Every structure is written in structure tokens, then in C-alpha cells.
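Asker: If you read the sequences in order, they're chains A and V.
Residue numbers 1034 to 1413, in the numbering used here, belong to the letters of the first sequence in order.
Residue numbers 1034 to 1413, in the numbering used here, belong to the letters of the second sequence in order.
Be aware that one or more of the hints could be misleading.
Identical copies look the same in the list; a pair holds intra-copy or inter-copy alike.
As the list claims (entries may be wrong) - Mimicking DSS-like on lysine-lysine, the simulated pairs with C-alpha atoms at most 27 angstroms apart in a straight line are:
#1 Lys1037 - Lys1316
#2 Lys1123 - Lys1174
#3 Lys1174 - Lys1261
#4 Lys1361 - Lys1394
#5 Lys1254 - Lys1123
#6 Lys1137 - Lys1123
#7 Lys1037 - Lys1304
#8 Lys1219 - Lys1254
#9 Lys1259 - Lys1137
#10 Lys1123 - Lys1193
#11 Lys1323 - Lys1137
#12 Lys1317 - Lys1037
#13 Lys1137 - Lys1256
#14 Lys1123 - Lys1261
#15 Lys1219 - Lys1037
#16 Lys1174 - Lys1037
#17 Lys1361 - Lys1123
#18 Lys1380 - Lys1360
Since the hints were made in silico from the structure, they are not lab data.
Just so we're clear, the structure is a prediction, and the values are computed from it rather than from any experiment.
2 protein chains.
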Amino acid sequence: MNVKDIQPFVPPLRTLLGPGPSDVHPRVLEAMSRPTIGHLDPSFVALMDEIKALLQYAFQTENQLTIPVSAPGSAGMESCFVNLVEPGDKVIVCINGVFGIRMKENVERAGGIAVTLEEPWGRAVNPENLERLLEQNRDAKIVAFVHAETSTGVLSDAEKICSTAKKFGCLTIMDTVTSLGGMPVKVDAWGADAVYSGTQKCLSCTPGLSPVTISAKAVDKIKNRKSKVQSWFLDFNLVMGYWGENAKRSYHHTAPINPLYGLHESLLILKEEGLENSWERHKKNHLLLKEGLESLGLKLIVPEEERIWQLNAVSVPEGVDEALVRKKLLEDYNLEIGAGLGDLAGKIWRIGLMGHSSNEKNVTYCLAALGNVLREMGAA
Amino acid sequence: MNVKDIQPFVPPLRTLLGPGPSDVHPRVLEAMSRPTIGHLDPSFVALMDEIKALLQYAFQTENQLTIPVSAPGSAGMESCFVNLVEPGDKVIVCINGVFGIRMKENVERAGGIAVTLEEPWGRAVNPENLERLLEQNRDAKIVAFVHAETSTGVLSDAEKICSTAKKFGCLTIMDTVTSLGGMPVKVDAWGADAVYSGTQKCLSCTPGLSPVTISAKAVDKIKNRKSKVQSWFLDFNLVMGYWGENAKRSYHHTAPINPLYGLHESLLILKEEGLENSWERHKKNHLLLKEGLESLGLKLIVPEEERIWQLNAVSVPEGVDEALVRKKLLEDYNLEIGAGLGDLAGKIWRIGLMGHSSNEKNVTYCLAALGNVLREMGAA
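Turn these sequences into a full structure, and let the hints guide you.
Answerer: Here it is, written out as C-alpha cells:
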């Protein structure tokens, strides 16, 4: 490629109904373009305090260590594991999709011993199975699980999993990448200890940041580690010097200023709507979509009581070229839906209704476009 | 704080002449606010190819693995160390400021053995001292050094350091966070193996991404590691599946879409100006500032032949409250300059002229404001 030929990039105008990123609210996009200031500027420090308060609201927590990690959700996940897992720690990892597998990888790379609870993809984690496994592993220190599996659209009972873990003296690490803002996430009421999320799903911000909240008990463990956290960048002992309560705001790394403007604005929009109203909107539009998909003869793979509202895993009908359907939706309708991951690649589509993307117009548009494409291909 | 009281954030209009972030070009800010698309969208994949080509131009390299790490410069630093350092590897770390110290920390957290070459703060790394240390450590695998120390404004002779390292069969890790775009960085000509930078200095993009380039030889070492890279998020073996040449563009993590729009635009601006012209501009404005500072009776701490052009470390005159000067500049002039770090805290100011911030207007404004404040305080 000759760099001389490169021109400014003008992105196509998509409707983002995949597994994330979701459509970003225009107010958030505009906020991203406000003038940059320094990461130690008093005005920026005030902004950081507001972001912390808004994240506490979103997570329903009073945890002091509630911050956006300066990198995408995968780094937020890693931050929880490298800070909480010490070499030799036994960690129960619940796996019912791609992100549970990634958790296991994180445990092992942090020097921990992963004991896995494997559940069928497309089904919730069964708390009774977890209890049995904990009885067999009384030396386990941590239970890790995904609240809403982005690879399958499955909800697990976080409250029950956290209380089961607590019964055995375990800390919990909970993935809320897809659930935060789109359905109830109640960190304090459930007693979850280390919880991470992403900005590009139900918060409708651009990808690149990972909200994280850590309980006082987990902070204690981090402060009293015998070995250093293996990541300098993600070491909460250092990050707390910049983001922490009563911190000296001492320089650790340069915070991503403009993306944080965007996160602040997106959290503000969530607050203005109200958490409960946002959850209700996600539920309502999910039900509308579900009805429409059924009218097209399509089936959701997840049992009704285990479905999340913001991501719908749809079986690809027999004989349909699933990639071609997505290609036609993108090219003819500027509409993005997601493919299956891992074991479900080629077998499902993932239709997201997340954050700003979750509205009636998008439901109607998606059903019309999908119906047209399937009819065109003789499949509906 | 009551979240009900939180309002949209309107940042003050600063002039950023600290150690970074620098002023972001309006074209870059505008690019950040363009509509978000998916990280596997064909249009985005085309954008990724352009970013790679533009980064190759900026780094003056043909390295295939030339990508922006999805996190700030500190994570870019960490990505080089966790990928290249295997447990037990001996690494020579040249320390002449804060960022050398951070490198040592990275080596040790990656399980390596750090042997340090300590040079006085405010002076360059002496290649002869390095050669002597390598003679005493023939089993060293890597030499790590900072090209332009952001904490002191010192330039080290990267070409000589790389050739010395090569003589002893060592790979090199080079920090170009502050140099890239502002003064010559010639990765291929110098034979540097793992080089990282930041976006918020001479590229004049917002903070949050870290351009990295890795030589074929270093990629070889990464592919043939005996142990897994300790970070899942920063594992180049996995990242290459998304960003690499002939990659399947398989999902690893969700790329920070809008910040990458910004980086693309900032690299485009650099290409339009031309690398050599950008270097020349940084040099010219540095000389203008230097003259003006001397007229105010102020002294640069770095010997002339070891100075970088984009960051000027200035001695605080005896008896002057350095923090008060910065406070007055910020409050009365909306002008940010930097404080000293580490051993130099309280002893110097750091005045940056980086990227879009490096222009004659800013030099004139800074000298006028600083002169006024010093006179007001009876110190000039």
C-alpha cells in the first residue's frame, strides 16, 4: 500500500445490532470530540470523581474502587484475574461459552489452578453443580463466572452463584460486559467482589474502556498479596494512587482523556433515563424482536427463562448460508448482526439490542431486512 | 456526590505544553466523533491496513507486525516486555530517568533478570558503558532503553545502542513514546527489534493507544517461546490473528474504534506534512523557546548535544515556588506545563512542544505568560 494514496476515513453509516459495539449515542460521539486536557488537570480530576460516582450508580455499589480501566473489556477481565489470583490459588471457573474459556486462560496465565465447571453452551450455570464442585474443592479461593454470556445470550443467576461462593469462603469474579446497563446488575446486593464490564454494549459508548468495581474484601486481598501483580499497567495497587479515594492523584499512566469524556456522557444518559427504565426498555424491545423472529419461523436457542434481553442467539435455518445472510444485511441494508463464536460458529446469528441500539425502529428495521433477505434466498 | 447533580462535562480550553497529552489537532477531534462501526466490518479492516501502513511510515520500518496496541503507552511498553522476555532471561536495562525504572519493573514482573546500567538523570545513555556491561554479561538476551526520556528531555544515541546490542547478540526494546514524529526514529536503519510509542505526544492524537513495531527476529522469538505470554490481552501470538499480515481477522478483543479513527487522521496529518518537515518544525520551535527561556534567565538542565526538541527540562530558579508558577499559568493563562518526576520533582519544569502544540504562537504565548508570572512573583 502506498501511503500517498491514503485519504481521510469516512465510515459507512451502519446500524449496529451485533454483539457490540452497539450504536453510539450522538451525544457521546460529540463529547469525544471536545478539547483534550491534561490527565492531572484539576478539571479532569473532577471529571474522574463524577465518572466514579456514575459507575457506582450503574453497578449499584458503594465500592470505593470503582473505575474505568484504560483498555477494552478483555483487559478489564485480565485486571480482575491478575490482581486477585496469586500463584497457586485454586479458582473455580464456570464455563458455558467463549468468555468462560477466556477466564480459564486468565487464571492459568496468572499462575492459578483452574478447576472448571462445564455447562452446555446455550444454558445457564447451574448453582447446584457449583455447590457440588465447591464441596469437592474446599481449598478454592475464587469463583469466576459470566453473568450474561455474549457468545450465547444466556443469563446465569448471579445472586445465587455469589451466595454459594460466599458459603465456601470464596471471592467472586463476575463478567458483566453485556449485562451492565441492559439488565439488573446489583453488585452490593449480590455481594460480588470483582466485577468488570465494557463500554461498547449497553452503555452505548465507543469500545476501549472497561468499567471495573472491586469490593473492600477484594481490595484487602490485593493490598496483602505475597507476590507483585504480574502486570504493571493493571496493578490496582498502583492504579489506586491515581483513581483511588483520597489518592494523591499521582501519575501512573496517561488516562485516555477523550474516551473518558465519552464514557461520562454515556453514563449521564443512563442516569437521565434511569437504570430501571433502561432495563425495562431492553426487555420490551427483546420481546418485540422475539415475536417478530418467531413470525419469520426463526428460533432462539436459549430456553426462555435463561435468555438475556440485549443479545438474541438465533438458530440458522437448515440449508441457509449464514455468512451470505450477514453479508447481504451489511451490504444492502448497512445492518450488522453477529456470527456465532467457537462451538456455535456457523450455527447461530447473534442479534444485539444494546443500549442506544435497543429501540423499536431498529427492531422493525431488522425484522424487515432479515425477512427480505431470507425470502430473496428462498428461505422464508 | 449525588449523581443527580452531575451535568455534561465541558472541558476548559487549555494550551497543552506539558509532557503530554499535547494539543490535539481539530481534524483528529472531529474524526473521533464519526459514527462507530463494528471491529470486524470490512470497512474497518481496510482502515486497519491503512493505519498499519501509516505507522510503518512513521516508524520508518517494513516490519509486518506494526500495530497500535489498544491501550496507553504504558501498556505498549508492557506488551514488548511480556512478549519478548521469557522467565530467566537476562535483560540489560539502561536507566537515565523514570521510564527506565519502569522498564526494570516490567522485566522483573515478566520473570526476567534485570541488570541495570545507571546513568545520571538528565544525561544520555553512554554506549561505551553499555558495551562494558555487555562484556560482563555475555548471557544477556535483550537490551532495553529509552530513546527520548520524557522525565528529563534527554536523547540517547539509539543507533549506537542498537548496534552495540547486536554485537552481543541481543535484541533491543526501545521506548519512542516522546520521540516518534517529533525527531528522527529509524527503526529499520537502526535495527531496533521492539519499539513502542504513545499517541498523545508528537502524533497529537488523544491518549489511549500505543503504536508498536516488532522485527521479524523478535516475532520469531515470540512464536517460539517455551512459556505462554503472561498477559492474554497483550499476547502478540493472539493479536497477530486480528492485526497480522494474512490474518484471518479473527476476533481477539474489541478494538477501540473511534480512537483508531483519531489515530488514522493524526498519522495522515503527519504524512501530509512529511516526517522530515515535522522533525524540522520541532527543532525550530525548540530553538526559539530555548532562546526565549535564556532571555528570561532560565536554564535547560540537559547539555545541548543531548537535548530533545519536543520536551524542555528547565531549572526552577532558586527560591521560586514551582507549583505556584504552574498553578498561575493554568488558572490565569489556561496554559499547562509539566512538573518534574521522581528525583527531579520540585527542581524542574517540563515544557513540551509536541506535535500540533509545536508552533510559534505557542512559543510566544508560553514565554510571555511565564515571564509575566515570574515577574509578578518577583523572580524575573
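Asker: Determine for every hint whether it applies to the structure shown.
Answerer: Checked hints:
Within a single copy, lysine 1037 and lysine 1316 get their C-alpha atoms only as close as 49 angstroms, which misses the 27 angstroms cut-off; across copies the closest is 25 angstroms, which meets it. Taking the shortest alpha-carbon separations for lysine 1123 and lysine 1174, only the intra-copy value of 6 angstroms comes in at or below 27 angstroms, while the best inter-copy value is 34 angstroms. For a Cα distance limit of 27 angstroms, the shortest separation of lysine 1174 from lysine 1261 qualifies both inside one copy, at 18 angstroms, and across copies, at 24 angstroms. In this assembly of identical chains, lysine 1361 and lysine 1394 lie within 27 angstroms of each other by CA distance solely inside one copy; the values are 20 angstroms within and 52 angstroms between copies.
Proximity of lysine 1254 to lysine 1123 under the C-alpha cut-off of 27 angstroms is restricted to the intra-copy arrangement: shortest distance 15 angstroms within a copy versus 31 angstroms between copies. Within a single copy, lysine 1137 and lysine 1123 get their C-alpha atoms as close as 11 angstroms, which meets the 27 angstroms cut-off; across copies the closest is 30 angstroms, which misses it. Only between protomers do lysine 1037 and lysine 1304 lie at most 27 angstroms apart by alpha-carbon distance; the minimum there is 8 angstroms, versus 46 angstroms within a single protomer. Taking the shortest alpha-carbon separations for lysine 1219 and lysine 1254, only the intra-copy value of 22 angstroms comes in at or below 27 angstroms, while the best inter-copy value is 45 angstroms.
In this homomeric assembly, lysine 1259 and lysine 1137 come within 27 angstroms of each other (Cα to Cα) both inside a single copy, at 22 angstroms, and across copies, at 20 angstroms. In this assembly of identical chains, lysine 1123 and lysine 1193 lie within 27 angstroms of each other by CA distance solely inside one copy; the values are 21 angstroms within and 48 angstroms between copies. For the homomeric pair lysine 1323 and lysine 1137, neither the shortest alpha-carbon distance inside one copy (33 angstroms) nor that between copies (55 angstroms) is at most 27 angstroms. Within a single copy, lysine 1317 and lysine 1037 get their C-alpha atoms only as close as 50 angstroms, which misses the 27 angstroms cut-off; across copies the closest is 26 angstroms, which meets it.
Proximity of lysine 1137 and lysine 1256 under a CA criterion of 27 angstroms is satisfied in both settings, with 23 angstroms inside one chain copy and 22 angstroms between copies. Proximity of lysine 1123 and lysine 1261 under a CA criterion of 27 angstroms is satisfied in both settings, with 18 angstroms inside one chain copy and 19 angstroms between copies. Taking the closest pair of Cα atoms, lysine 1219 and lysine 1037 come within 27 angstroms of each other only across two copies (19 angstroms); inside a single copy the shortest separation is 52 angstroms, beyond that limit. Taking the closest pair of Cα atoms, lysine 1174 and lysine 1037 never come within 27 angstroms of each other, the shortest separation being 56 angstroms inside a single copy and 38 angstroms across copies.
In the homo-oligomer, the alpha carbons of lysine 1361 and lysine 1123 never lie at most 27 angstroms apart, since the shortest distance is 47 angstroms inside one protomer and 54 angstroms across protomers. Proximity of lysine 1380 to lysine 1360 under the C-alpha cut-off of 27 angstroms is restricted to the intra-copy arrangement: shortest distance 16 angstroms within a copy versus 60 angstroms between copies.
Checked against the numbered hints given earlier, this structure breaks hints 11, 16, 17; the rest are met.
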